[in-house]
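Working from the sequences, and respecting the hints, build out all of it.
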Amino acid sequence: MNDWLDPLLLARWQFGLTTMYHFLFVPLTIGMALTVAIFQSAWVRTDKAKYLQLTHFFGKIFLINVAMGVVTGIVQEFQFGMNWSDYSRFVGDVFGAPLAFEGIVAFFLEATFIGLWIFGWDKLPKKIHLATIWMTVAGSITSAYFILAANAFMQNPIAYTINEEKGRAELTSIWELLTNPIAVAAFPHTIFACFMVSGGLIISVAAWHLYRNQHLDTMRPALKFGLWMMVIAGVLTTLAGDQLGLVMVDAQPMKMAAAEALYHTATGANASFSVFTLGTPDGVHELFSVRVPYLLSFLSTHTLDGTVEGINNLQAQYVTLYGPGDYTPTIWITYWAFRWMIGLGLAHMLVAVVGLWLTRGGQSPKRTWVWKVAIWSFPMSLLAMSVGWVFTEMGRQPWLVFGLMRTADGVSPGVTGVEILISLIVFTVLYGILAVVEFKLILKAVQNGPDDAPVQDAESGDRKHTVTVY
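Letter 125 of the sequence shown, counting from 1, is numbered 125 in UniProt numbering, and no numbers are missing.
Check before you lean on any hint, since a few could be wrong.
Said to hold, decoys possible - No farther apart than 20 Å at their CA atoms in a straight line, the calculated lysine to aspartate or glutamate pairs in the DMTMM-like style are these: (1) K48 to D217; (2) K50 to E419; (3) K126 to D47.
Derived by calculation from the structure, the hints in this document are not laboratory data.
Next up, the structure:
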């Protein structure tokens with residue numbers, strides 16, 4: 001029982017829970033903001049009512065998601081002071097800088113222009129009102145970059161000096177911090193993946209209505225848009241992920257070794273990538289695997305004869321550098337998270353490619369199972385992003401800040417396991433309630449479908465449209 005009251009264990013569970021829950025709303029916020037901006041741009045340019053209907057329709061889903069994301073994001077940041085005060089004291093001068101930029105610049109920008117967009121219908125000129133949603137897109141993407149820059153410091157600490165007298169890391173260059181190679185590489189990979197999630201939602205929603213033969217004028221173009229968005233964003237996510245992998249190998253070779261469960265350094269054909277592996281419970285010995293020769297070498301070095309360092313060699317190096325200890329992350333989590341990330345993402349791309357083929361030339365799939373696959377495919381890219389973050393964070397263990405602070409050293413010393421357990425239970429219950437509320441609100445908006453096309457005023461000739469949720 002005492003093991004379950006370990007403050008470190010419970011603090012990690014709580015942070016993991018709140019982070020993963022909050023992260024469910026992040027990709028949809030970023031992706032749906034762009035989606036709404038594109039549909040509204042199409043309406044402003046063509047004056048076609050279907051694009052205005054799609055703007056309003058997906059705008060409702062976007063705003064519901066934003067509200068939930070803000071609530072869960074606020075709780076997320078409280079934990080740095082609640083459960084991780086030693087971490088906050090040690091790296092607050094560095095880690096807090098990009099978070100401050102995110103709050104003062106990006107979040108305020110996003111919040112301000114969302115407000116103008118919500119209340120600016122029929123009050124602002126069309127093009128000015130259109131600019132507000134594009135500024136919202138810019139704010140959400142900028143916000144993501146600052147968050148990724150803060151996280152990149154944990155993965156690859158740079159732009160700091162250690163103040164021995166105060167016992168903390170202090171920032172030396174904000175520009176160097178914001179241009180951390182991990183942040184620069186992770187940013188496009190993350191943003192394009194967000195667009196995949198948005199594309200997946202559009203595919204599922206449009207397929208649901210088309211399967212029921214309703215809202216055909218709006219859902220047909222929406223389906224085509226979602227399919228192309230998924231394919232294009234999927235290709236870009238893959239290319240950006242390849243570049244992130246190269247940077248990751250350079251900064252955190254143990255993460256790549258753990259992703260492959262590679263215990264011994266390998267070169268060339270021996271540095272193969274295992275598509276599927278069965279091993280002993282401790283993960284040390286392989287019983288069966290399906291492997292692609294040279295692929296791990298290519299992914300890690302972009303050469304077929306490159307060398308990939310193994311877990312055992314890296315563990316010995318880290319002991320020499322950092323002292324005695326186990327510097328190996330949990331192998332089975334990193335191994336399978338890496339594969340689920342890739343597999344789910346590719347599977348969702350395949351759904352979109354097949355969808356484009358089946359709907360070519362304005363055709364409509366006749367088989368029921370095709371529509372059902374499209375409808376139920378939505379979670380794939382969202383789950384791919386989620387397990388990708390599990391891989392990113394768990395692959396860094398046992399470090400909180402790689403090479404500087406171990407996770408065990410960052411937990412608040414004055415917080416007991418019972419206190420964390422109570423807050424963990426409260427958060428879990430509240431988040432469960434919020435999940436039900438979020439799901440029902442979005443489901444209702446989806447089932448209601450787009451509003452009727454705006455009517456034209458007989459006297460003035462102006463189009464009159466209302467926004468029922470704003």
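Could you check the structure against the hints above and give me the numbers of any it violates, in ascending order?
Per hint list: single violation, 2.
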